[in-house]
Amino acid sequence: GQQVMQIPQYQHVQEGEDFTTYCNSSTTLSNIQWYKQRPGGHPVFLIQLVKSGEVKKQKRLTFQFGEAKKNSSLHITATQTTDVGTYFCAGGANSKLTFGKGITLSVRP
Amino acid sequence: DAGVIQSPRHEVTEMGQEVTLRCKPISGHNSLFWYRQTMMRGLELLIYFNNNVPIDDSGMPEDRFSAKMPNASFSTLKIQPSEPRDSAVYFCASTLGLPNNSPLHFGNGTRLTVT
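Chain order of the listed sequences is S and V. All the letters of the first sequence, read from the start, carry residue numbers 16 to 124 under this note's numbering. All the letters of the second sequence, read from the start, carry residue numbers 589 to 703 under this note's numbering.
Hints listed in this document are in silico derivations from the structure and should not be mistaken for laboratory results. Any given hint might turn out to be false.
Covered stretches of chain V, going by a simulated chain S footprint (3 or more residues, C-beta under 8 Å) [claimed, not checked]:
| no. | region |
| --- | --- |
| 1 | 682-690 |
| 2 | 693-703 |
In silico SDA-like links for lysine to any residue, alpha-carbon gap of 25 Å or less [claimed, not checked]:
| no. | chain 1 | residue 1 | chain 2 | residue 2 |
| --- | --- | --- | --- | --- |
| 3 | S | K51 | V | S675 |
| 4 | S | K85 | S | G56 |
| 5 | S | K85 | V | G685 |
| 6 | S | K111 | V | L686 |
| 7 | S | K116 | V | G647 |
Here are the in silico distance ranges between beta carbons for each label pair [as the list claims (entries may be wrong)]:
| no. | chain 1 | residue 1 | chain 2 | residue 2 | range |
| --- | --- | --- | --- | --- | --- |
| 8 | S | S45 | V | R610 | 29 to 37 Å |
| 9 | V | Q605 | S | G56 | 22 to 30 Å |
| 10 | S | T96 | V | D645 | 36 to 44 Å |
| 11 | S | S45 | V | D645 | 18 to 26 Å |
| 12 | V | T626 | S | T42 | 22 to 30 Å |
| 13 | S | Q17 | V | P669 | 26 to 34 Å |
| 14 | V | Q668 | S | V70 | 45 to 53 Å |
| 15 | S | T96 | V | R699 | 36 to 44 Å |
| 16 | V | L686 | S | Q73 | 38 to 46 Å |
| 17 | V | K666 | S | S110 | 20 to 28 Å |
| 18 | V | D645 | S | P124 | 42 to 50 Å |
| 19 | S | S67 | V | S661 | 36 to 44 Å |
| 20 | S | Q17 | V | T664 | 24 to 32 Å |
| 21 | V | L686 | S | G56 | 19 to 27 Å |
Since this is a predicted model, take the numbers as computed values, not measurements. In this text, a Cβ means the ideal position worked out from N, Cα and C, and glycines have one as well.
Could you put together the complete structure from these sequences and hints?
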């Protein structure tokens with residue numbers, strides 16, 4: 016079945032550093048979604064990418080969909096303590112949405 | 589918009605007891621999902637309903653788990669009998685449209701502890 020991989024599961028950065036994480040699918044996707052879950056909270060939808068090579072920005076967050084529609088990246092510029100949490104990607108294909116295991120970001124002030 | 593509403597927020601029960609988790613999706617949404625989240629396995633899809641009909645229940649662990657959606661505004665997930673390995677956070681989510689191209693709106697979750 017479809018697999019969506021996010022490695023590593025944890026990353027620690029110093030406040031002000033940039034952060035990039037990747038999401039890889041075993042199959043070609045129709046779209047990819049990103050969610051953020053704060054500690055003790057629930058996943059919250061951030062963005063959806065549909066087109067090959069698409070790039071979208073939300074303030075300091077930049078999301079990209081790969082040309083082959085099998086991978087995606089999330090880049091955070093100048094991390095802040097408010098960026099802490101777990102970031103999930105979810106790949107859509109064949110009417111299904113498959114979540115990766117997420118990457119938990121911690122930010123040292 | 590009240591969002592997806594789940595109850596209870598926390599549930600502590602003893603092994604062997606029946607547990608019922610409840611979910612009210614966002615009004616107008618026609619797809620509803622039950623997820624289980626643990627540190628080891630991450631977010632696992634248990635079951636997905638579309639227009640109140642179960643479409644994919646391949647993630648339901650075993651016969652001890654059952655889910656119903658009697659109408660568009662209510663769903664339950666029941667575990668009978670519960671076991672310690674069922675301890676997890678259970679999320680309900682809803683969306684309008686197909687699950688692979690519509691954002692999911694998650695509830696606050698139910699943290700289940702089975703002792």
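Taking the hints in turn, this is what the structure says about them:
Figure legend: the region 682-690 of chain V, annotated as covered by chain S; annotation consistent (4 residues with Cβ-Cβ distances under 8 Å, at least 3 required). Only when three residues or more bring their CB closer than 8 Å to a CB of chain S does the claim for the region 693-703 of chain V stand; here the count is 5, and the claim holds. Taken as a hint, the S/K51 and V/S675 pair is honoured in the structure, with Cα atoms around 23 Å apart against an allowance of 25 Å. This hinted pair does not check out: S/K85 and S/G56 have alpha carbons roughly 28 Å apart, beyond 25 Å.
Distance hint between S/K85 and V/G685 is fulfilled; the C-alpha atoms sit about 23 Å from each other, no more than 25 Å. Taken as a hint, the S/K111 and V/L686 pair is honoured in the structure, with Cα atoms around 8 Å apart against an allowance of 25 Å. The suggested pairing of S/K116 with V/G647 holds, with an alpha-carbon distance near 16 Å, which does not exceed 25 Å. Our hint of 29 to 37 Å for S/S45 and V/R610 holds, since their Cβ atoms are close to 32 Å apart.
For V/Q605 and S/G56, the Cβ-Cβ distance of about 27 Å falls inside the hinted range of 22 to 30 Å, so the restraint holds. A hinted range of 36 to 44 Å for the beta carbons of S/T96 and V/D645 is consistent with their spacing of about 40 Å. Judged by the Cβ atoms, the range 18 to 26 Å given for S/S45 and V/D645 holds: they are separated by roughly 23 Å. A C-beta distance of roughly 25 Å is found between V/T626 and S/T42, which places it inside the suggested range of 22 to 30 Å.
About 32 Å separates the C-beta atoms of S/Q17 and V/P669, a value consistent with the hinted range of 26 to 34 Å. For the pair V/Q668 and S/V70, the beta carbons lie near 48 Å from each other, so the given range of 45 to 53 Å is met. For the pair S/T96 and V/R699, the supplied restraint of 36 to 44 Å is violated, since their beta-carbon distance comes to about 25 Å. Distance hint check for V/L686 and S/Q73: the Cβ-Cβ separation is about 24 Å, which falls outside the suggested range of 38 to 46 Å.
For the pair V/K666 and S/S110, the beta carbons lie near 26 Å from each other, so the given range of 20 to 28 Å is met. For V/D645 paired with S/P124, a C-beta distance near 45 Å keeps the hint of 42 to 50 Å intact. The beta-carbon spacing between S/S67 and V/S661, approximately 38 Å, falls within the hinted interval of 36 to 44 Å. The hinted range of 24 to 32 Å is satisfied by S/Q17 and V/T664, whose Cβ atoms lie roughly 28 Å apart.
The beta-carbon spacing between V/L686 and S/G56, approximately 26 Å, falls within the hinted interval of 19 to 27 Å.
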